[in-house]
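Make the full structure from the sequences, and use the hints.
Here's the letter readout for the chains.
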Amino acid sequence: MDQLIQLLQENARHSIADLSDLMNLSEEEVESKIVELEGSGVILGYAAVVDSDKVNDSGGVSAFIEVKLTPERGGGFDRLAARIAKFDEVESCMLMSGGYDLSVVISGSSLHEVASFVAEKLSTLEGVISTATHFQLKTYKSNGFLARVENSGQRLPVSP
Amino acid sequence: MSLSNKISKQVKNIPRSGIRDFFELVLGRDDVISLGVGEPDYSTPWHIREAAIYSLEKGETSYTSNLGLEKLRESISRYVSHCFEVDYDSSSEILVTVGVSEALDLACRALLNPGDEVIYHEPCYVSYDPSIRLAYGVPVPVSATVEDGFSVKAEEIEKLVTSNTKILILNFPTNPTGAVMGKEELQKIADICIANDLIVITDEIYSELVYDDEYNHVSIASLCGMKGRTILLHGFSKAYAMTGFRLGYSCAPPEITEAMMKIHQYSMLCAPITSQMAAIEALENGSKAVEKMRQDYKKRRDLIVREFNEMGLPCNLPGGAFYAFPDIRGTGLTSKEFASALLEKQNVAAVPGDAFGANGEGFLRCCYAADVKLIKSALDGFRKFLVDIKG
Chain A
1 MDQLIQLLQE NARHSIADLS DLMNLSEEEV ESKIVELEGS GVILGYAAVV
51 DSDKVNDSGG VSAFIEVKLT PERGGGFDRL AARIAKFDEV ESCMLMSGGY
101 DLSVVISGSS LHEVASFVAE KLSTLEGVIS TATHFQLKTY KSNGFLARVE
151 NSGQRLPVSP
Chain B
1001 MSLSNKISKQ VKNIPRSGIR DFFELVLGRD DVISLGVGEP DYSTPWHIRE
1051 AAIYSLEKGE TSYTSNLGLE KLRESISRYV SHCFEVDYDS SSEILVTVGV
1101 SEALDLACRA LLNPGDEVIY HEPCYVSYDP SIRLAYGVPV PVSATVEDGF
1151 SVKAEEIEKL VTSNTKILIL NFPTNPTGAV MGKEELQKIA DICIANDLIV
1201 ITDEIYSELV YDDEYNHVSI ASLCGMKGRT ILLHGFSKAY AMTGFRLGYS
1251 CAPPEITEAM MKIHQYSMLC APITSQMAAI EALENGSKAV EKMRQDYKKR
1301 RDLIVREFNE MGLPCNLPGG AFYAFPDIRG TGLTSKEFAS ALLEKQNVAA
1351 VPGDAFGANG EGFLRCCYAA DVKLIKSALD GFRKFLVDIK G
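The listed protein sequences correspond, in order, to chains A and B. All the letters of the first sequence, read from the start, carry residue numbers 1 to 160 under the working numbering. All the letters of the second sequence, read from the start, carry residue numbers 1001 to 1391 under the working numbering.
Hints were generated in silico from the structure; no laboratory data involved. For glycine and all other residues, C-beta sits at the position ideal for the given N, C-alpha and C. Be careful, since some hints might not be right.
Restraint-style ranges between C-beta atoms, simulated for each label pair [what the hints assert, rightly or not]:
hint : chain 1 : residue 1 : chain 2 : residue 2 : range
1    : A       : Q136      : B       : E1337     : 53 to 63 Å
2    : A       : F64       : B       : V1387     : 54 to 64 Å
3    : A       : V42       : B       : E1258     : 51 to 61 Å
4    : B       : D1371     : A       : Q136      : 29 to 39 Å
5    : B       : N1285     : A       : V49       : 24 to 34 Å
6    : B       : Y1042     : A       : E29       : 41 to 51 Å
7    : A       : E10       : B       : L1333     : 35 to 45 Å
8    : B       : E1060     : A       : T70       : 53 to 63 Å
9    : A       : S52       : B       : A1341     : 17 to 27 Å
10   : B       : E1057     : A       : M96       : 26 to 36 Å
Below, in silico cross-link-like pairs of lysine-lysine (DSS-like), each with a Cα-Cα straight-line distance of 25 Å or less [unchecked claim]:
hint : chain 1 : residue 1 : chain 2 : residue 2
11   : B       : K1376     : A       : K33
12   : B       : K1153     : B       : K1166
13   : A       : K141      : B       : K1288
14   : B       : K1384     : B       : K1345
15   : B       : K1071     : B       : K1262
16   : B       : K1390     : B       : K1345
17   : B       : K1373     : B       : K1298
18   : B       : K1159     : B       : K1188
19   : B       : K1227     : B       : K1153
20   : B       : K1183     : B       : K1227
21   : B       : K1292     : A       : K33
22   : B       : K1373     : B       : K1299
23   : A       : K33       : B       : K1299
24   : B       : K1183     : B       : K1298
25   : B       : K1159     : B       : K1227
26   : A       : K33       : B       : K1298
27   : A       : K33       : B       : K1373
28   : A       : K141      : B       : K1292
29   : B       : K1299     : B       : K1262
30   : B       : K1058     : B       : K1071
31   : B       : K1376     : B       : K1390
Following this line, the structure appears as structure tokens:
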């Protein structure tokens, strides 16, 4: 994989100066590569990975929803999937192999809000055959980051 | 009663490690930015730790065969054959030890008679000289110079060979310089060993950590006529970030393996079974994690070496291991003076080069197996320090 993509995936907050040091490129070169990746849609955006369990004022909930769809001639699942993905409540939306078609992750401020989105917006769409909603209870790992950071142990300051 | 009279002469004659002196200096301080370590900054990859835990859960807590678990020796045999292109019989030529350090000690004790000479290249890992002395051998260091990229020349070795020379110790990639050795020079050294009937102990603990695409690590054991006179030492500490598991191994002809095992069985009995189980997992499924760490080290190496050169401390690009060895002679300070003052003024620790042999004087060992931010703040400390002493 592209070195720059890998570094940004590990830490999107790497400064341009750090990236230029690590890749031995000028800062201008790094910037222009990033602009290129953003422009071509390889990089979709940047966001903090948050463990919502630790956010005090969060009454927020997330749910993962299995959605079964009727595919359409000529377009398969694309039109309907894209339509679902555009809702602000939808965090991620992916076509899956196996027992259902779309995996949709939804977040909302309360159980009720998520449930009503599913009942009123999602299930009522022409082409949606069924939904199964699973609420998330606890986060152990999110986007590659462990929720409980390991204490990696103290190395001796000097060793042979 | 003075107990110091009771200590054996052999042990008394061994000087304290220069690393230990420096360690004590560092220990008294808080928040030191340290490039002084000799181990990876990663924890052991999870799948390897998990294999150790699983083994404990199953109740695998017994002794193993003195040689080490058969399954591990078979894995080692396959791995060495694949990576080093030399085949060892897992039942008679491989011994699992408590780190490469134990294997080195066993090899010296198994082979040396009082007065036998052992040639090794300096600057080098701190254990070679004491291990030779403790086995009643005579250490004969050969200088590896900065001009040769700290890769020792065959003709320099040849000059030191006498009728008493029994062993040559090689360590490529080298701790503390990161030096590597190409096949051509290695062949010349092999020819000298064959002509003078020398045994080679080759410590290849850093062999996975080489960084240049055009350089392939070659083991002297794989050269024609060398397997029968070579003890290949390797282990899990560096590539798999398993220093605390304390696990290494030797590959050597059956007679030598048997002799080393004899000492090992009476002193160590066997390596810890938990570590051995973890090592099987490392060899079978660890290559992806090793490659990821190697790529990270390479970026850090390029960064630290570039910056040392830019700030006026000439530094070779080390081909392997995870140490940079910048030249500080231009400052007019000795290694110890530089390292102590750098610690005092900037709270940055790097090991004085003379801890690795007299000809390491004028250099510092800086370990770049550290977080990039830490490396950068250490480099800032170096820069400020250099401005300070010029001012």
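Q.
When the structure is checked against the list of hints, which entries are broken? Sort them ascending.
A. 6, 9, 29
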